[in-house]
Amino acid sequence: MTMTSQKAPLVVKDLTVAYQKKPVLRSVHIEVPEGKLIGIIGPNGAGKSTFIKAVQGLIPIASGETEIYGKPYKQQRKLVGYVPQRESVDWDFPTDALDVVLMGRYGRLGWFRRPGKADRDFALECLSKVGMADYANRQISQLSGGQQQRVFLARALAQEAQLYFMDEPFAGVDAATERAIIQLLNELKQQKKTVLVVHHDLQTVEEYFDWTILLNRRVIAAGPTHEAFTPENLQKTYGGRLHVLGNQVLLTGSAATEEASAQ
Amino acid sequence: MNSFWIILTGSLVAASCGFLGCFLILRRMAMLGDAISHAILPGIVLAFLFSGSREILPMLMGAAIIGLITVFIVQMLHQSGVKSDAAIGVTFTALFSVGVVLVSLYTQQVDLDLDCVLYGEIAYVPWDTWQFGGMDMGPRALWGVGGVFLFSLLIIGLFFKQFKLCAFDPALAAAIGIPVVLFHYLLMTLVSLTTVAAFESVGAILVVAMLVVPSATAYLLTDRLHIMLFISMAVGVLSAILGYFFASWLDSSIAGAMTAVAGLLFFLAFLFSPRHGMISKMVARRKIHIGEA
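Chain order of the listed sequences is U and Y.
Under full-length UniProt numbering, the first residue of the first sequence carries the number 1, and numbering increases by one thereafter.
Under full-length UniProt numbering, the first residue of the second sequence carries the number 1, and numbering increases by one thereafter.
Hints may contain errors.
Stated by the list, open to error - Sample of chain U residues lacking proximity to chain Y, with all beta carbon distances greater than 12 Å (derived): (1) V11; (2) T16; (3) R105; (4) L109; (5) N233.
To be verified - With a straight-line Cα cutoff of 30 Å, these simulated DSSO-like cross-link-like pairs (lysine-lysine) come out: (6) U:K236 <-> U:K71; (7) U:K236 <-> U:K117; (8) U:K71 <-> Y:K161; (9) U:K13 <-> U:K71; (10) U:K236 <-> U:K74; (11) U:K78 <-> U:K189; (12) Y:K83 <-> U:K22; (13) U:K78 <-> U:K192; (14) Y:K161 <-> U:K21; (15) U:K117 <-> Y:K161; (16) Y:K83 <-> U:K129; (17) U:K36 <-> U:K71; (18) U:K78 <-> Y:K161; (19) U:K74 <-> U:K22; (20) U:K21 <-> U:K236; (21) U:K13 <-> U:K74; (22) U:K21 <-> U:K117; (23) U:K192 <-> U:K7; (24) Y:K287 <-> U:K74; (25) U:K78 <-> U:K129; (26) U:K71 <-> U:K189.
Simulated from the structure, these hints should not be mistaken for laboratory data.
From a predicted model like this one, the values you see are computed outputs, not experimental measurements.
C-beta atoms are modelled at their ideal positions from N, C-alpha and C, and glycine is treated no differently.
Chain U extracted, bound-state conformation (with noise of 0.2 Å):
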């Protein structure tokens, strides 16, 4: 990868989605540097999924080029893993645990190649990684949310990526799946590989990422956590639902709090 490392691993230039002529994205800069964890953060529906979609072309665009590593998204698609939300497949699928991680294989495998043994031992690798090793041939309805979580991210990990797009890993799983996920993504990390995910706990923004985009239709701020996760830049991304206490965030997401403070 000495190759491609002057490179930035995902620039992303005036990106702009429309859903019915209503942008749900608009001009959208992005410059993401290399062997970072970054978190995207954002209010409901502010287009955190669907930036990470569109990047990786899963979505129509209005406009906009996306560049992984110097080259167009299409020539570098094996650079690229992607942990989809969890809700987002129908977990009663026959299958197992061993056999939705092989699936990460598939994009190196062309399109005739039937992952073999090797792949079989590097997808068992992968799941011991997420500490699931003893589930492999566990029907994958039978999982718990967090072990289905940690399933997707072993799939991710059998990609063998640089750049990883995860979309809410850590939404509705245990203390003890998120401590894995944490772990994994810093060892990611630590192999100059380039983490973007989409986050909703503002209270573990400034420890888990060393990088924030603060999304809400538009890029708000993007860079170094210290510097974009400020009171500030919050508040014009949640507007007037933040409550910022001393060090504290709050969100106040009801509309009844809005109203009663108008009064």
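Could you slot chain Y onto chain U? The hints should help.
Coordinates of chain Y only, in the frame set by chain U:
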């Protein structure tokens, strides 16, 4: 020998519907299979009118084209805001009714009647043979069904991993560069081809049963996709064989008896499946109950 041809045709129909049906029900698209099986009627009639015969190739082509048009229209309506079940309902009834009108209009030229279209005539399969270069090559329907079966098996076999990933996680499939839309249409082409090949033998209504029932049965019996495909084919073949003997015993419709047997097998799986069955669930609940007491 005639019984053998009928059973073989029925088994091949059931097997090819069975394993394609697995992908349909896993993608929650069973009703799209239903739609295709009805919507191809105008394709068949038009192929008839153009070729002036019941040659299998023009019919397959006509059906494949109309099948793809059906899927395309359903997709388009859905993307412009029509609910997907309504989109399916509108599209296939519209196309099917065009087919019904065409059949009744050209009933002189077209050697097709509505009964045959709806219920099939598998009992006549042995007599309708394919003449090739003056040679009697055996039942024509068998060649059609067998050819389509082998073709589908080949395509699914070659691209098993793509079809599997597109069914389980289309977002990842697209992200790693699998042309998801292409495989969607490829699957639908196979469904269209199978339906038209099957349709002469078992009719438009029972094709749907063969697409859905064996695969739904298999889904109850296993947790592995490739095993599900085999079980689904086995259930289909078993329905064809048992159905034939039921029908001869009762002197009833063969296609009807085949489907009834398939339904019965589903019901048995529903009751007795080791993991998903009613009985095993009741036993498990009882155990918990006793354990608590």
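Against the structure, the hints:
1. V11: Holds, since 18 Å exceeds 12 Å.
2. T16: holds, 20 Å
3. R105: violated, 9 Å
4. L109: violated, 7 Å
5. N233: U:N233 clear of chain Y: closest Cβ-Cβ about 30 Å, beyond 12 Å.
6. U:K236 <-> U:K71: violated, 33 Å
7. U:K236 <-> U:K117: violated, 52 Å
8. U:K71 <-> Y:K161: With a Cα-Cα distance of about 28 Å, the restraint between U:K71 and Y:K161 holds, given a limit of 30 Å.
9. U:K13 <-> U:K71: holds, 13 Å
10. U:K236 <-> U:K74: The hint is violated at about 34 Å.
11. U:K78 <-> U:K189: Given that 30 Å is the threshold and the Cα spacing comes to 18 Å, the pair holds.
12. Y:K83 <-> U:K22: holds, 21 Å
13. U:K78 <-> U:K192: holds, 16 Å
14. Y:K161 <-> U:K21: Given that 30 Å is the threshold and the Cα spacing comes to 36 Å, the pair is violated.
15. U:K117 <-> Y:K161: Given that 30 Å is the threshold and the Cα spacing comes to 16 Å, the pair holds.
16. Y:K83 <-> U:K129: violated, 43 Å
17. U:K36 <-> U:K71: Given that 30 Å is the threshold and the Cα spacing comes to 20 Å, the pair holds.
18. U:K78 <-> Y:K161: Since the Cα atoms of U:K78 and Y:K161 sit roughly 17 Å apart, the hinted pair holds (cutoff 30 Å).
19. U:K74 <-> U:K22: holds, 27 Å
20. U:K21 <-> U:K236: holds, 24 Å
21. U:K13 <-> U:K74: holds, 15 Å
22. U:K21 <-> U:K117: violated, 49 Å
23. U:K192 <-> U:K7: With Cα atoms ~13 Å apart, U:K192 and U:K7 stay inside 30 Å; holds.
24. Y:K287 <-> U:K74: Measuring from Cα to Cα gives roughly 54 Å; hence the hint is violated.
25. U:K78 <-> U:K129: holds, 21 Å
26. U:K71 <-> U:K189: Satisfied, since the Cα-Cα distance of roughly 22 Å is no more than 30 Å.
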